[in-house]
Each structure stands twice: as C-alpha cells, then as structure tokens.
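Letter by letter, the chains look like this.
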Amino acid sequence: MSNTSAPTMHDKLTNMELLTLDNPVFCCYLFWATVLVVKMLLMSLLTALQRFRYKVFPNEEDLFFKNIEVQFDDPHVERVRRAHRNDMENILPYFIMALIYVCTNPNPLVACNLFRVAAIARIVHTLVYALYPVPQPSRILAFATMLLITFYMAAVVALRTLRFI
Amino acid sequence: MSNTSAPTMHDKLTNMELLTLDNPVFCCYLFWATVLVVKMLLMSLLTALQRFRYKVFPNEEDLFFKNIEVQFDDPHVERVRRAHRNDMENILPYFIMALIYVCTNPNPLVACNLFRVAAIARIVHTLVYALYPVPQPSRILAFATMLLITFYMAAVVALRTLRFI
Amino acid sequence: MSNTSAPTMHDKLTNMELLTLDNPVFCCYLFWATVLVVKMLLMSLLTALQRFRYKVFPNEEDLFFKNIEVQFDDPHVERVRRAHRNDMENILPYFIMALIYVCTNPNPLVACNLFRVAAIARIVHTLVYALYPVPQPSRILAFATMLLITFYMAAVVALRTLRFI
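Protein chains in written order, with the UniProt record's numbering: chain A, 1 to 165; chain B, 1 to 165; chain C, 1 to 165.
Calculated directly from the structure, the hints in this document are not laboratory data. Just so you know, these numbers come straight off a predicted model, no measurement behind them. Incorrect hints may have been included.
Here are the simulated lysine-lysine pairs, DSSO-like style, with alpha carbons at most 27 Å apart [what the hints assert, rightly or not]:
{"hint": "1", "chain 1": "A", "residue 1": "Lys66", "chain 2": "A", "residue 2": "Lys55"}
{"hint": "2", "chain 1": "A", "residue 1": "Lys12", "chain 2": "B", "residue 2": "Lys12"}
{"hint": "3", "chain 1": "A", "residue 1": "Lys55", "chain 2": "A", "residue 2": "Lys39"}
{"hint": "4", "chain 1": "C", "residue 1": "Lys39", "chain 2": "C", "residue 2": "Lys55"}
{"hint": "5", "chain 1": "C", "residue 1": "Lys39", "chain 2": "B", "residue 2": "Lys39"}
{"hint": "6", "chain 1": "C", "residue 1": "Lys39", "chain 2": "A", "residue 2": "Lys39"}
{"hint": "7", "chain 1": "C", "residue 1": "Lys55", "chain 2": "C", "residue 2": "Lys66"}
{"hint": "8", "chain 1": "B", "residue 1": "Lys55", "chain 2": "A", "residue 2": "Lys39"}
{"hint": "9", "chain 1": "B", "residue 1": "Lys55", "chain 2": "B", "residue 2": "Lys39"}
{"hint": "10", "chain 1": "B", "residue 1": "Lys12", "chain 2": "C", "residue 2": "Lys12"}
{"hint": "11", "chain 1": "B", "residue 1": "Lys55", "chain 2": "B", "residue 2": "Lys66"}
{"hint": "12", "chain 1": "C", "residue 1": "Lys12", "chain 2": "A", "residue 2": "Lys12"}
The following label-pair restraints were derived from C-beta to C-beta distances [said to hold, decoys possible]:
{"hint": "13", "chain 1": "A", "residue 1": "Lys12", "chain 2": "C", "residue 2": "Val134", "range": "50 to 58 Å"}
{"hint": "14", "chain 1": "A", "residue 1": "Leu131", "chain 2": "C", "residue 2": "Ile123", "range": "46 to 54 Å"}
{"hint": "15", "chain 1": "C", "residue 1": "Phe65", "chain 2": "B", "residue 2": "Leu13", "range": "57 to 65 Å"}
{"hint": "16", "chain 1": "A", "residue 1": "Tyr132", "chain 2": "B", "residue 2": "Leu159", "range": "27 to 35 Å"}
{"hint": "17", "chain 1": "C", "residue 1": "Leu42", "chain 2": "B", "residue 2": "Leu49", "range": "41 to 49 Å"}
{"hint": "18", "chain 1": "A", "residue 1": "Val117", "chain 2": "B", "residue 2": "Leu49", "range": "23 to 31 Å"}
{"hint": "19", "chain 1": "B", "residue 1": "Arg163", "chain 2": "A", "residue 2": "Arg53", "range": "32 to 40 Å"}
{"hint": "20", "chain 1": "B", "residue 1": "Pro135", "chain 2": "C", "residue 2": "Lys66", "range": "43 to 51 Å"}
{"hint": "21", "chain 1": "B", "residue 1": "Leu49", "chain 2": "A", "residue 2": "Pro108", "range": "44 to 52 Å"}
{"hint": "22", "chain 1": "C", "residue 1": "Leu63", "chain 2": "B", "residue 2": "Ala144", "range": "23 to 31 Å"}
{"hint": "23", "chain 1": "B", "residue 1": "Leu109", "chain 2": "C", "residue 2": "Val110", "range": "30 to 38 Å"}
Virtual Cβ for every residue (Gly too), placed ideally from N, Cα, C.
For reference, chain A alone in the conformation it holds in the complex (with noise of 0.2 Å):
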C-alpha cells in the first residue's frame, strides 16, 4: 500500500490515465452512464406507445387514426413527458458532473459507489413517476438522491479547481 513511489507497478494511475479503460472508475462511470442513456431514450419510446395507446398526437401529419384532431392534454402522455423532462434537467447536467469528478482521480470505492446509487435511484424515479405513480415522497427521494450525488461531485470538483477560477 505505502509503496516507494516507484511509477512502475502500475499502483498509481498517472493523470492520462483517468479517462481511459484502464481505470475502472472510468470503467464503472461508463457502464451506469450507459444504462442513464438508455433508460432516457426509453422514455421516448414510452411517450410514443402512450401516444399510440390513447390517440394522441401533437402534429398534423401524425394522425394515424380517423377523425381525430391534434391534443396537447392527455394526462396519460403528459405524465410520461414530465418524467422525461425531468430527467434531462437532472441527468444531463449529471453526465458532465460525473465525468469530470472522474477527472480529479476520486477514491474508487466512493465513486463506484455513488454512479450506483445515482443511477438507481433514477430507475426508480421513472418507475414511480412515470409507470406506477405512487404516492410521495418515493419520488421526491429518488429525485433528491441524485441531486445531493450531483451536488456532492460538484463540491469535490470546485475544491480541487478553484484556484483557475
């Protein structure tokens, strides 16, 4: 553990090393971003079979059926689209946040740790949202969860940086 600091066995990732498949905190950032990403698209597919399902849709040309006009306030598709949009308000920024907090080379077993909660817990927010809705506050901590993630890496980041402010 308390090595010399001799660079060659590979104890020690040097700087150039944080964003590549060497550093399996980079490893594990990718493997939950990806699931983020999917998990975000689909919710477009989610919001499409809602469309299908109820007969709703916001555009001329995408009248499939006869005798229906567009709509902008089905409940059941407005549901979904704000489950939607409150995923890019929180787990977009959250990509960012997260790949730079990789950058600053954190503790592996703290950051593994948070990109498996923090993406859990916005599994859940779906599910409870925009699937199942089910009463408060299960939302509200599945959204707080990612949220104080997010803020928690932004003060690790600020810290680390605030000298090239």
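For chain A, the structure is supplied; the task is to place chains B and C on it using the hints.
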C-alpha cells in the same frame, strides 16, 4: 494494459490517445458533434424568428409590439419548440454515448460512418419537422436512425464494461 | 505539480495531457462547468419553491395541501420553467462544445476568459429571467453572449477537424 511510451510504429492507438486529435475517430466525432451543436443552437434562433414573425411572446417584458398579449399556443412557434425539445431528448444523450463509445476504441470505419449517418439523420429530422412538414413516416425514420445508432453504441459499451457493474 | 513522464520541460502540453488536471485550461473549464451545473440544478429547487409558495402542482400525488387541484398555467412557476428550459437548450450543448474545444489546445488566455464570460452571462440570464424580471434587452444580451461563444468554439473545432468530415 501497459502504456508503452516506446516510439513504435503508431499502428495501434494506446488507450491514452483515444481522446486526442491523434485519433481520427475522435476527430470525426468532434466534427459531427460540432455540426449537431450548431444545428441545435439554430433551433433557438428559429424559435425567435417565429416569435417575431407571428408576434407571439411568452413574457411580459418581451412584448416588442403594441397591443399584443403573452401567448403560448401558436402552432408555428410550438412546432419549432417540439422539434427543439426532441433534439434535446435525443442528441444530448447521444453526445455522451458517442463520446464514451470512442473510449472503447471501436473500428474506425464503423464508428465514423455511424457519426455521419446519425448527424445527417437529425438534420433531416429538423427539415421535415420544423421547416417543411411532410407526411410520415419521414420524421419517424429520421428519429429512429439516431435512436438505433445510440442503442448500438450503448450495447458495445455495456458489453465492454459489464464487469464493472 | 505534475508528473511529466516525458523528459521535456513541460513548456508545451502533449495532446494526451489536454484532458487532465495538468492542463490549466481544462481546470478552468472544470470549475466553470461545475458552477453552471450547480446553477442548473438550483433551477429545479427554485421551481419546487415556487410550486410550494403558490401551491401549484402538476401531479395528483403532489397535492400536499387540501382543496387544491393539479394546475399547469401558473405564471410564476412557468417563468422559472421557461428559464430552466432555456438553460437546457443552451448550457448543455455548451458543455460538450467547450469540452471538445479544450481538445484543440486553444490559447489559454482566450479559452479561460471565454469560459468565465459564458458562465457569468448565464448567471445574469437567470437573474434577469427567473428571479428579477427586468426590461429587455438585458436577457437577450445575456443569452446572445453564450450563444456567440459557443458558435466561436464550434468554428474553431470545425476548422481543425474539417478533413475528417
């Protein structure tokens, strides 16, 4: 595995070089990501253009003409806003997904063509959605093209990083 | 200060060092991107604050007060949501654009000042849009500042990578 800073023939990129201008795949990503960023920002300007053309503004302080009220349901403005939102839903996750796909050192020919097709598909999507609405399934096909490409990249990355779950 | 396995004087960064904490330009990007991520996440909390202050909630399960209904058109809430959406439309593409701009090894003085101006412009945008609405063109100027900076970065990157089209 090992970084091998020895001056070899540069036949094969080391992991450390993947996110540099020495990697043609990364350069190709940079170019087409830039095209898509510019395309997305032009949607903001197109929305502004429609707002001035049809005198539809959402805020009190934006009422640049006399005798108008704030208004939120103009179909010309809302169409551009829906196209813009669809861009955010699809292109922004794609940016992250394609970037981490580059980190897995993909086949250059496959990767570069995926970047090209995905970017052109989204330009077509904007044309047939926001500029010249045409009958379906043109927009669905343009939408599905980037979606499937992103799913493919997700599958590649997830398989490579699955053991870091 | 830096590890510098290369035997040079570290006057000039290699491509491999651009996305590391050894690059002051990257550190400056990290700091200001972190500021903007935090600013964006605070918009979610500001929306929640407005929802509780004016008792306006979009979901049945969010009705924390008696005798209220779901409601979608409260001007105080919608103003914050428009500002938040504008953030997503502009700041999220900027994150990617600025990151890949760093990869082109730009002039440090130019790059760092662009990061600073862009971030401060968006903070001003939030102040004059969501917190204290003031007459135009204050918001338009704040909006245009980051837009033009992003276009400039796009031009730099596109010119450097044009042959990989």
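Hint by hint, here is what the structure shows:
no., hint, verdict
1, A:Lys66 - A:Lys55, "holds, 10 Å"
2, A:Lys12 - B:Lys12, "holds, 24 Å"
3, A:Lys55 - A:Lys39, "holds, 24 Å"
4, C:Lys39 - C:Lys55, "holds, 24 Å"
5, C:Lys39 - B:Lys39, "holds, 25 Å"
6, C:Lys39 - A:Lys39, "holds, 25 Å"
7, C:Lys55 - C:Lys66, "holds, 10 Å"
8, B:Lys55 - A:Lys39, "violated, 38 Å"
9, B:Lys55 - B:Lys39, "holds, 24 Å"
10, B:Lys12 - C:Lys12, "holds, 24 Å"
11, B:Lys55 - B:Lys66, "holds, 10 Å"
12, C:Lys12 - A:Lys12, "holds, 24 Å"
13, A:Lys12 - C:Val134: 50 to 58 Å, "holds, 52 Å"
14, A:Leu131 - C:Ile123: 46 to 54 Å, "violated, 36 Å"
15, C:Phe65 - B:Leu13: 57 to 65 Å, "holds, 59 Å"
16, A:Tyr132 - B:Leu159: 27 to 35 Å, "holds, 30 Å"
17, C:Leu42 - B:Leu49: 41 to 49 Å, "violated, 30 Å"
18, A:Val117 - B:Leu49: 23 to 31 Å, "violated, 44 Å"
19, B:Arg163 - A:Arg53: 32 to 40 Å, "holds, 38 Å"
20, B:Pro135 - C:Lys66: 43 to 51 Å, "holds, 49 Å"
21, B:Leu49 - A:Pro108: 44 to 52 Å, "holds, 50 Å"
22, C:Leu63 - B:Ala144: 23 to 31 Å, "violated, 38 Å"
23, B:Leu109 - C:Val110: 30 to 38 Å, "holds, 35 Å"
The structure does not agree with the numbered hints 8, 14, 17, 18 and 22 stated previously, though it agrees with the rest.
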